[in-house]
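**Q** The residues making up each chain are set out below.
Number of protein chains: 2
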Amino acid sequence: MEVEAKFRLKEGVIEKLEKLAKFVEEKEEHDLYFSHPCRDFAKTDEALRLRIEKRVKMTYKGPKVDCETKTREEVNVLVDSFENAFKLLELLGFKKFRWVKKVRKIFALENAMICLDHVEGLGDFIEIEVQEFSDKEKIFEIAEMLGYSREESIRSSYLELILEKEKN
Amino acid sequence: MEVEAKFRLKEGVIEKLEKLAKFVEEKEEHDLYFSHPCRDFAKTDEALRLRIEKRVKMTYKGPKVDCETKTREEVNVLVDSFENAFKLLELLGFKKFRWVKKVRKIFALENAMICLDHVEGLGDFIEIEVQEFSDKEKIFEIAEMLGYSREESIRSSYLELILEKEKN
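Chains as they are written, first to last, in my numbering: chain A, 485 to 652; chain B, 485 to 652.
Hints in this document: simulated from the structure, not taken from any laboratory.
Computed from a prediction, not measured in an experiment: that's the story for all the values here.
One should not assume that every hint holds.
Repeated chains share a single entry, so a pair holds when one copy, or any two copies, can fit it.
In silico DSSO-like pairs for lysine-lysine, Cα to Cα no more than 27 Å straight-line [said to hold, decoys possible]:
| hint | residue 1 | residue 2 |
| --- | --- | --- |
| 1 | 548 | 580 |
| 2 | 527 | 538 |
| 3 | 548 | 503 |
| 4 | 580 | 620 |
| 5 | 548 | 494 |
| 6 | 622 | 579 |
| 7 | 506 | 571 |
| 8 | 580 | 541 |
| 9 | 541 | 571 |
| 10 | 541 | 500 |
| 11 | 511 | 586 |
| 12 | 571 | 620 |
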């Protein structure tokens, strides 16, 4: 399970974040999302992507299961080659759908991970993630410390936000 | 491209093989083949499998392209976990189809690889593989040295042979 909530960056948050949490690392993540050969991922609320960062990861994301967060099943497999994984998926009928590219600054606070994301074409966001669904309230406690109410949580993925933006 | 031909083991071949070629290694290969969510691999002559040996590999095989050998496109991706790769494929709609398990003794002869395979439920086979399709004749030269005519080449994969056997 990936248990996380997302908020649009607003004034004063970075300062609070830097005071509260410990900076861990900054990295670029280039994610290529695929469409399924015979399933409409937009309808099933699933996703398949290849992520390029230091290593390459193939990730399946299941439908969101909580109404306040973007909690969902996530299965990750490290692969040894983006090119071959891409070719294999294409030969199986998956089609290149959209790139989502971001610069991610990761911070740690107790058992939570806080990401300050600059997403190409979308802007800046905060994502707060915990390991267990039972720690969901921890997410909103941290969000409050950063200046967010729980109503400000955005359930859409970056991919969905990009598609929404394209529509308008 | 995977360029190879397969022959059923017959008397005297092992002795010739051991004299001609250099023994490289022996390993167990446990291959789990999948069916596609919306494509009939039996009709398209494709395959998707996870192979467990020392490492775990996800492999796509395309349709055979030569009438004398089992030459076909092959795309390999090393993955870090059989369990997660299996789960990811299942969540995408691929279904566990058949296991093919074998003990493989690998020999080298010039630029060719010769495998002596003991396949669970099927028996013993010789596979001769080269890297380039332009070396196809090399396969039949080696086969002849081992005592095989080119008409004895079996184009079916182990999976196909297992399915044929189940039918009868």
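**Q** Quick one: residue 527 to residue 538, C-alpha cut-off 27 Å, is that within a copy, between copies, both, or neither?
**A** neither (32 Å within a copy, 39 Å between copies)
**Q** Can you tell me if residue 580 and residue 541 fall within 27 Å by alpha carbon in one copy, between copies, both or neither?
**A** For residue 580 and residue 541, both the intra-copy (16 Å) and inter-copy (22 Å) Cα distances are at most 27 Å.
**Q** With 27 Å as the alpha-carbon cut-off, assign the pair residue 548 and residue 494 to within, between, both or neither.
**A** Within. Shortest intra-copy distance 25 Å satisfies the 27 Å Cα cut-off; inter-copy 57 Å does not.
**Q** At most 27 Å between alpha carbons: which applies to residue 571 and residue 620, within, between, both or neither?
**A** Intra 38 Å, inter 25 Å, cutoff 27 Å: inter-copy only.
**Q** When Cα atoms must be at most 27 Å apart, do residue 541 and residue 500 count as within-copy, between-copy, both, or neither?
**A** neither (32 Å within a copy, 45 Å between copies)
**Q** Reference check for the pair residue 511 and residue 586, CA-CA at most 27 Å: within, between, both, or neither?
**A** Within one copy only: 8 Å inside, 43 Å across.
**Q** State whether the alpha carbon distance between residue 541 and residue 571 is at most 27 Å within one copy, between copies, both, or neither.
**A** Answer is both: 14 Å inside a copy and 15 Å across each meet the 27 Å cutoff.
**Q** Within, between, both or neither: how does the pair residue 506, residue 571 come out at a Cα-Cα threshold of 27 Å?
**A** neither (39 Å within a copy, 34 Å between copies)
**Q** Checking residue 548 and residue 580: alpha-carbon separation at most 27 Å within a copy, between copies, both or neither?
**A** both (22 Å within a copy, 26 Å between copies)
**Q** When no copy is specified for residue 622 and residue 579, does a C-alpha distance of 27 Å or less occur within a copy, between copies, both, or neither?
**A** Answer is neither: 37 Å inside a copy and 38 Å across each miss the 27 Å cutoff.
**Q** For the identical chains here, do residue 580 and residue 620 meet the 27 Å Cα criterion within one copy, between copies, both, or neither?
**A** neither (33 Å within a copy, 35 Å between copies)
**Q** What label fits residue 548 with residue 503 when the C-alpha limit is 27 Å: within, between, both, or neither?
**A** neither (32 Å within a copy, 61 Å between copies)
Hint compliance for this structure: hints 2, 3, 4, 6, 7, 10 are broken, all remaining hints hold.
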